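Model the full assembly from the supplied sequences, consistent with the hints where possible.
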Amino acid sequence: MGALNSGNAASDPLRKAANEVRSRALEMVHHAGLGHPGGDLSSTDVLVTLYLAVMDLRSHDPAWKDRDRFIMSKGHCSGAFYATLAQAGLLDKATLQTYMDPLSSLNGHPDRNKVAGVEANTGPLGHGLPIAVGCALAAKMQHAAWRTFVLVGDGELQEGSNWEAAMCAAQYKLDNLVLIVDRNRIQQGDFTENTINMNPLGDKWRAFGWSVTEVDGHDCDALFQLLSNTPVEPGKPTCIIAHTTKGRGVSFMENKPEWHHGVPTAEQLATAREELMGACK
Amino acid sequence: MSVEVQAAEGLFDCRDAFAATLEDMAEADGRVCAVVNDAVGSTKTKGFRKRFPERFVNVGIAEQNMVGVSAGLANGGMIPFCCGATCFLMARSMEQVKVDLGYAKNNVKLCGMSSGMAYGELGPTHHSIEDMAWARVIPNLMVVVPADPVETAAAMRWARDYVGPVFLRISRMPVPELLPHDYRFEPGRAVTMREGNDVALLANGVMVSRALDAAERLATQGVHARVLNMSSMTPIDREAVLRAARETRGIVTAEEASIYGGLGGAVAEIVSEEHPARVIRLGVPGVFAPTGSAQFLLEHFGLTADGIYAAAMRLVERD
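Protein chains in written order, with our numbering: chain A, 1 to 281; chain B, 1 to 319.
One or more hints might be untrue.
What the hints assert, rightly or not - Ranges of calculated distance between the beta carbons of each label pair, as one might list FRET restraints: (1) 199/A - 125/B: 55 to 61 Å; (2) 58/A - 51/B: 33 to 39 Å; (3) 58/A - 182/B: 41 to 47 Å; (4) 140/B - 60/A: 26 to 32 Å; (5) 204/A - 41/B: 45 to 51 Å; (6) 276/B - 195/A: 52 to 58 Å; (7) 269/B - 104/A: 28 to 34 Å; (8) 195/A - 125/B: 27 to 33 Å; (9) 104/A - 300/B: 51 to 57 Å; (10) 182/B - 92/A: 49 to 55 Å; (11) 51/B - 173/A: 19 to 25 Å.
Claimed, not checked - Taking lysine to any residue pairs in the SDA-like style, the calculated list, with each CA pair at most 25 Å apart, reads: (12) 236/A - 77/B; (13) 140/A - 123/B; (14) 93/A - 27/A; (15) 105/B - 116/A.
Unchecked claim - Anything over 10 Å on all C-beta distances counts as not near chain A; from chain B, calculated: (16) 46; (17) 54; (18) 125.
Calculated from the structure, these hints are not laboratory results. Bear in mind the structure is a predicted one, so any value in this text is a computation, not a measurement. Ideal placement from N, C-alpha and C gives every residue a C-beta, glycine not left out.
If you want it as structure tokens, here you go:
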């Protein structure tokens, strides 16, 4: 296991870390006057569990060739992603304060050539899963043990490239690949089910040849158990549908489509921070 | 769906050099792998599949995934040669080429087969005349249009060693061998195929041999044409273009692509900024091609030795 790993489940520290990440992500969005806080908050627990407890990484050597790979396909949630990288020691916390500033390394969508630890340049949706399939194939070709994790949004699955990649992953029996769907049920314009109905989502993945498990995407303990014990079925890629709440942890943001890319005022930020820090106690 | 143009004696299908070189490189380097979109026949990768099945990925008919998978393979330390008919490879996956390869600088080698109008009668859906303009505007993407089988093999070996994304535009149209067997591809270098100071013929891909034929005919009229093989489109040899502008009475560009945004566009950009000169661009003039064989279409658009000769004479006789 890498230096970043705690080695065992410890959901309290993870929950605390997650709320710190949430708080930082909101500060970043407020600072930049731009961002996607709703999805930042829904994906945070998955990100923190992966980076602080599951993945084998070396913070002093982010390009270590046998590292586990993580592809942040929903690149618009860069606030939570960068804050998680900082929490994991892969990014200087002071750099977070430059989010989207002129010439900052922290572009609105991640750039692997500017931020160590970022594996893929994402932003346009439907790019992450094909790249993750390639990473998993590379591990198989080289008989390497590292795993590939990829986080996609649920609305993102409307992009057809995901389903091209889904068929390919099953065909090549990529049981070293783990897809996590941030199932927060909201996309930019509306709820997913009012836009393009995603259900029955688990059956879709099963029909495409994946092993599917559904989990509470805010239960770090359950996420840890599941993500640490893949593949669920040898010979099959793993799909974890993480049921989440958009805007999770901030009462006035939860489950509100307008917080997809809303920007909190100073007052709203203070209220949000209080709620998040209170939840850590 | 396949249009096989039988190569006459002394003429070669560059895909054969492509396939042989890919297998040789895979034999020598365990990182070399192939990614295809079902087109095992038209990319001539059957031999590779047989010899290196564990390094052969057929994603099926899914070009967006093909390019994304290639980016992931590169992330994992492999050197993927991502092969498909250029019309689908570049058009269907343009955003993946832009973001996953150009922007992310992934070490992927795009191998576009049967480029230009090689698919002839199959029609504009299967022609790829837009790809040069698209590829040229993507930062970090090296663009190479080899002229013959020797240059195809040399460019592939260079691409394997170069770390970063490359687009190799390979033809199936029969061409003669033009370059010596010890030729080494150098990015950013125009290859002088013939010296001359009356007029300059700048061509790439299948048009290079036709430009040489045109130069031969021009010589019989006392017109000495310089012929430059512009196989390296990105980076492009600006100095060679400017020397052609300064030292001759005009430039003819010839490419099996749209006259907009490709070689003709690049040359016009360079000379208009630094040394205005007359440029006649031969290519496909902003239309979808009519029905006809590849050979018919090249003749239809004047992409022949005759067409290049006539354009060069226009430049010379104007004086």
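Output the indices of the hints that this structure fails to meet, ascending. 1, 5, 13 and 17
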